[in-house]
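Spelled out, the chains give:
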Amino acid sequence: GAVVSQHPSWVICKSGTSVKIECRSLDFQATTMFWYRQFPKQSLMLMATSNEGSKATYEQGVEKDKFLINHASLTLSTLTVTSAHPEDSSFYICSATGLAGDTQYFGPGTRLTVL
Amino acid sequence: AQKVTQAQTEISVVEKEDVTLDCVYETRDTTYYLFWYKQPPSGELVFLIRRNSFDEQNEISGRYSWNFQKSTSSFNFTITASQVVDSAVYFCALSEDVPGRQGAQKLVFGQGTRLTINP
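Protein sequence lines, in the order shown, are assigned to chains C and Z.
Reminder that position 12 of the first sequence reads as 13 in this note's numbering, one-by-one numbering, no gaps.
Reminder that position 44 of the second sequence reads as 290 in this note's numbering, one-by-one numbering, no gaps.
Any given hint could be a false lead.
To be verified - Straight-line distance between alpha carbons at most 16 Å, and here's what the computed EDC-like set of lysine to aspartate or glutamate pairs gives:
(1) K42(C) to E256(Z)
(2) K316(Z) to D275(Z)
(3) K42(C) to E272(Z)
(4) K15(C) to D89(C)
(5) K249(Z) to D264(Z)
(6) K284(Z) to D301(Z)
Calculated directly from the structure, the hints in this document are not laboratory data.
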């Protein structure tokens, strides 16, 4: 149980384009979803926390207009990187928690490369 | 603020050796959770353990064991009889309440320890 999927697993795009990444909880209802970014050989940095039907809470220093998060249902959250630039190239990972909220289950990640 | 320190950036051992990964944390919360995750080369984080701050009992799961010492704010992870498949980056993490979102907890991660098990 507690499986989280992400799509796509990797994406390459041109600078200036927007990219959408989907995060789904497959076998449980995710009351809260989280989006992280991980640069090579670094730790995970939380970008934002979202709940279904409400606005996301962004961490300090994360531009909410650049990283749009939509938590449309209890099983789906999307992250849109708008007007992507090479410095946005990174590994984006989502996680989700159920009602208990005490354990985060992670998706497999999406590797974004902006040319 | 919450902080997690994994002082060992990289560890390399020969297969079958025991290895301990250190984790020290800082928190002002009285109730919190500690976690260990494994990140193999594929990138996906694998959940290993969750420990409630009120439960200081050590835990063993197969070749894995965890030592939680509240007095020293440490939550160390030991792999006995290591195997090549244990090679990965291991992250220790600490829960933190999300402001304005009752019941939601985010994770603060340590920098990770890259463990290499050589045949």
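> Are the Cα positions of K15(C) and D89(C) separated by 16 Å at most?
Replying inline: Distance ~11 Å between K15(C) and D89(C) Cα, so the pair holds.
> CA of K42(C) to CA of E256(Z), is that 16 Å or under?
Replying inline: Holds: K42(C) and E256(Z) sit about 11 Å apart, inside 16 Å.
> Going straight from one Cα to the other, do K316(Z) and D275(Z) come out at no more than 16 Å?
Replying inline: With a Cα-Cα distance of about 12 Å, the restraint between K316(Z) and D275(Z) holds, given a limit of 16 Å.
> Given the proposed pairing of K249(Z) with D264(Z), does the C-alpha separation stay at or below 16 Å?
Replying inline: Violated, because 27 Å separates the two Cα atoms, which is more than 16 Å.
> When you check the alpha-carbon spacing of K42(C) and E272(Z), does it fall within 16 Å?
Replying inline: Violated, because 23 Å separates the two Cα atoms, which is more than 16 Å.
> When you check the alpha-carbon spacing of K284(Z) and D301(Z), does it fall within 16 Å?
Replying inline: 22 Å, violated
Checked against the numbered hints above, the structure violates hints 3, 5 and 6; every other hint is satisfied.
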